[in-house]
Amino acid sequence: MAAIVSRTRSFVPPKSFRTITESAPVRWTLTAIAVGFLSLFLLMPLIAVFYEAFKKGVQLYLATFSDPYAIDAIRLTLTVAAISVPLNLLFGLAAAWAITKFTFRGKSLLVTVLDLPFAVSPVIAGLIFVLIFSTTHGWLAEPIKAWDLRIIFALPGIALATIFITLPFIARELIPVMQAQGRDEELAALTLGAGGWRTFFHVTLPNVKWGLFYGVILCNARAMGEFGAVAVVSGNIKGKTSTMPLYIETLYMEYQTVSAFSLATILSLLALATLLLKNFIEWRTAKSARH
Amino acid sequence: METRKKTKRRPSRRILPGFGLTMGITVTYLTLLVLIPLSAVFIRSSGMGWDAFWTAITGRQVVASYKVTFGISFLAAATNAVFGFLVAWVLTRYRFPGRRILDALVDLPFALPTAVAGIALTALYARNGWLGQFFYSLGIETAYSQVGIYIALTFIGLPFVVRTLQPVMEDLDAEVEEAAASLGAGRAKVFTQIIVPALLPAMLTGFALAFARAIGEYGSVIFISGNIPLRTEITPLVIVKFLENYQYPQATAVAAVMLTASFALLFVINLLQRWAEKNS
Amino acid sequence: MSIQATHISKTFGDYRALENVSLTVPDGRLVSLLGPSGSGKTTLLRILAGLEYPDPDALGRVLFHGEDVTDLAPGKRGVGFVFQHYALFRHMTVEKNISFGLRAMPLSKRPSTDEIRKRVNHLLELVQLNGLNKRYPSELSGGQRQRVALARALAVEPRVLLLDEPFGALDAKVRKDLRRWLRTFQEEIQITTIFVTHDQEEALELADEVVVMNNARIEQVGSPQEVYDKPKSPFVIEFLGNVNRFRAGDSHHSTAEAGVLYVRPHDVEIQPSGATPHQQAIPAKVLHIFSAGNFARVALERIGTHEHFEAEVPRERLRELALEQGHTVTATFRHIRLFEKNGFIEDTNLLAP
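Residue numbers (our numbering), protein chains in the order written: chain A, 1 to 291; chain B, 1 to 280; chain C, 1 to 353.
Just chain A, with the same shape it has in the complex (with noise of 0.2 Å):
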């Protein structure tokens, strides 16, 4: 369901201020309400992570990252964003060329197979791989004791849990942006010679490079923000099978506020710095809109 969020984005500038509003008191009133809303809700919070982070200085918020159990945990966290966000890439690069330059039946079918994960609880997420995957209980228990795999409670669960909490991210960006190109720049290349890769790599691709590439950083964040999915299918063994957001919860539940805020910090600033780079695409794209 994130994906209404990005697919409503509005790629045009705001239009004129209207003339017909409300009266200075009512604006006034109605702007403190929202900003008072917004930093209750949204900028407190935030302010809080690296308060509790740096509350006993630099030193005690440094020394986190020499624990050798969180550097673990960043490790692992790397090692599945380097797995997933690949894969959802390809896919997403694939499901948007195949849905937007193309009509065929059960195109909407698709699109709302595509958004499923969306609408998944994140618990869920975990469970249907472990329905599938566990040595115990999973469907494929036989094959997979037979050839001593480890799935679930191992790194390929954890990627496939994150592979399919981010599944429709990079598609849901390239999907409304391929669209608005529409596909005469493609047949144009079509009429001059070009075959079918140089075509999406010369003409396709420069196109959609900033939704592509937004697409992409949120799709990571994402994926090495997740908590629920991968909680269910890791069994968060320190050291080996707990990522960053499992092992904030770890040293939280251990009382080691500060390091948990610590580790916490980083993952804020991933997001932030997401934030940052979807305002900065969308002030670009308002921009050359403008032309």
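Check each hint, because a few of them may be wrong.
[Unchecked claim] What follows is a list of derived Cβ distance ranges for each label pair:
id	chain 1	residue 1	chain 2	residue 2	range
1	B	E175	C	K176	27 to 35 Å
2	A	A32	C	K176	52 to 60 Å
3	A	A32	C	G131	29 to 37 Å
4	B	W130	A	Y69	25 to 33 Å
[As the list claims (entries may be wrong)] Pairs of lysine-lysine residues, derived as BS3-like cross-links and limited to a Cα-Cα distance of at most 25 Å, are as follows:
id	chain 1	residue 1	chain 2	residue 2
5	C	K96	C	K76
6	A	K209	A	K287
7	A	K240	A	K145
8	A	K107	B	K189
9	C	K109	C	K96
10	B	K189	B	K278
11	C	K109	A	K209
12	B	K67	A	K238
13	B	K241	B	K67
14	A	K238	A	K145
15	C	K118	C	K96
16	C	K96	A	K209
17	B	K189	A	K240
18	C	K134	C	K76
19	C	K134	C	K96
20	C	K109	A	K287
21	A	K278	A	K209
22	C	K96	A	K287
23	C	K76	C	K109
24	C	K134	C	K118
Keep in mind the hints are simulated off the structure, nothing from the lab. Only a predicted model underlies this, so the values are computations on that prediction, with no experimental measurement involved. Idealized CB from N, CA, C, for every residue including glycine.
Chains B and C: place on chain A using the hints.
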């Protein structure tokens, strides 16, 4: 003659290349990673027999969790519908210093990992937290209570309402408002008779999206909720607890209920969006 | 190079865009596909380019110079296609846009970088855009983009040039200039050219040959003068230029019952009331006079039937007549056309009293 030979086989009826390849990748990927895994929930729960299924999904603890999850999600989504409307209105219609930053910040719950949000909200609203101090002095327990769940679910649902409403508000035709005003309608009348009806579909869509997100939420809730059985346990947590106790059938049965609810909501959201599109 | 299309049909779902259309375009001609929107003209052009395939069950074939290209990919047909909205590659400079086709050639055929630069500069000169090599499409005016699109299409030395509504997105002044420019340009390079338009003035002024299309079919093919002076169907006469319609009287021509008579406004002559009453003269009332321009247009109402019609009268004639609103006059017709199943009858004796 040579071309004759080459053209005997009619090429793919699609002009742009790559349909087979991209469609193949898309369908295979979605089938393997989404459809088959999700179907596991339904197939496994249908295999457990109706009685066992019914017992699993109507346990006391489970039913209490439904009430908590759906009830508080509804309240949080309703709060977001109201405040999200206000926020979207202020962000699209008024200009004030810091507007752009606040606008950018609306997406925070969307980008911030839920576990981080969970511990941050808990730190803020605990008895000794910045905001908790204030609420506790008023006798409101904001942490480890249903209020805490409400706070977390409001946090994660906010962007859905704001981001659904914003583009529609931007596209509202100023001329219609001006025409109404020129016909002598007061601002209040213009608002209730022209603006609200035009925004209603988008607002309901935003509400439904926030609600759908809230019922599945896990990470941001479990820290602040305290997870007291029958009182502050959300359904996703109940599923996790079943799993931790190796009660797989029970976990699967409850998951089937939740999935059905989510899919029903997805269907409603699709209808709402179609309505909203038709309206605009 | 000549183009031949035979028995082309095309359906999109339930919608019939082309129905058994055949067309031959001789080498070096400038041909216009003219018709209202939905007539199938753009679909036909796209089928010629290979951007659509004709319905496979039909016998539809496209031949270039006698060679069957029906199933050939667009890039292999040797067509230059100019899209209605130009479809310039927005992230490439003018230079890169124009050289795209050359750079996409297989290594064995690809010209050297130097050669490509020379070709680009030559093309820019040809379309009168020298020095704009490094501009991006967003930095060009509509007319300039048009010509970049043309240069890009010409860079690969196509055998045929196809243009979809080439002037549709331009404002009136630029449109006229470009139209003239394209005419001389085509005469210079002598390439078989087909363009689509819904603007009859554009088609008549620019083309050697006009193909009038309606409702998924070709109505008539001919030189501009032919289609204007000898329209083969009511559609053609109504679509090309202004025309007045009258119900055919029942006292004449047995086949004319319930038919419609067509008279061009410039074939209507106005006489003072009562002057030389003769058979195909009708009495009419002057409703309004639009006197801007060389010819005045006089709106008239036929007395008795209340049919409205229009006459085009030279200014001096108007002055001679001293016409004013409300006057009663006698209108006579130089040409009247009546369409029947198998053609049309041109007669001046068709009008019922």
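Legend entry - Earlier hints that do not hold, by number: Hint check: 3, 8, 11, 12, 17, 18 and 20 fail, others pass.
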